[in-house]
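Student: Sequence:
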Amino acid sequence: MSDFIDIGALEDIPLQGARVVRTHMGCIAVFRTAEDEVFALDDACPHKKGPLSNGIQHGRAVTCPLHNWVIDLSTGRATGADEGGVATYPVTVAEGRILLDAASLAARLAAQ
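Residue numbering for the sequence shown is -17 to 94, as defined by the working numbering.
Hints should not be assumed to be uniformly reliable.
To be verified - Quick list of the computed label-pair ranges, beta carbon to beta carbon:
no., residue 1, residue 2, range
1, His29, Glu77, 36 to 42 Å
2, Gly66, Met7, 14 to 20 Å
3, His49, Ala84, 30 to 36 Å
4, Ile38, Ala89, 27 to 33 Å
Everything labelled a hint here was simulated from the structure, so no lab data went into it.
Quick caveat: nothing in here was measured; it's all calculated off a predicted structure.
Glycine included, C-beta positions come from ideal geometry on N, C-alpha and C.
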């Protein structure tokens, strides 16, 4: 089983809200949907690096605050006619805590 990093309590992120986790390789946006699903992805839109954590969340997507690109939270891919994507990271929720997969972070760092 992979190691997980405890990044905070689920209740610390409001429904349809986001928080930022700062890492040595950049920022990761952690989103909580209205259905209590949690997603983690790079906090930089593939278009102009806008902070996705400041975007408007709708369903399982977020709209970048800079130029309205819509990013799918589960895949990190831009939707519609836009092309590109951001890295996503496995997360789980256990006993009310959000856990980020440490192995995926390490793999991302090794790829840079």
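Student: Going through the numbered hints above, which ones does this structure break? Give me the numbers in ascending order.
Tutor: none
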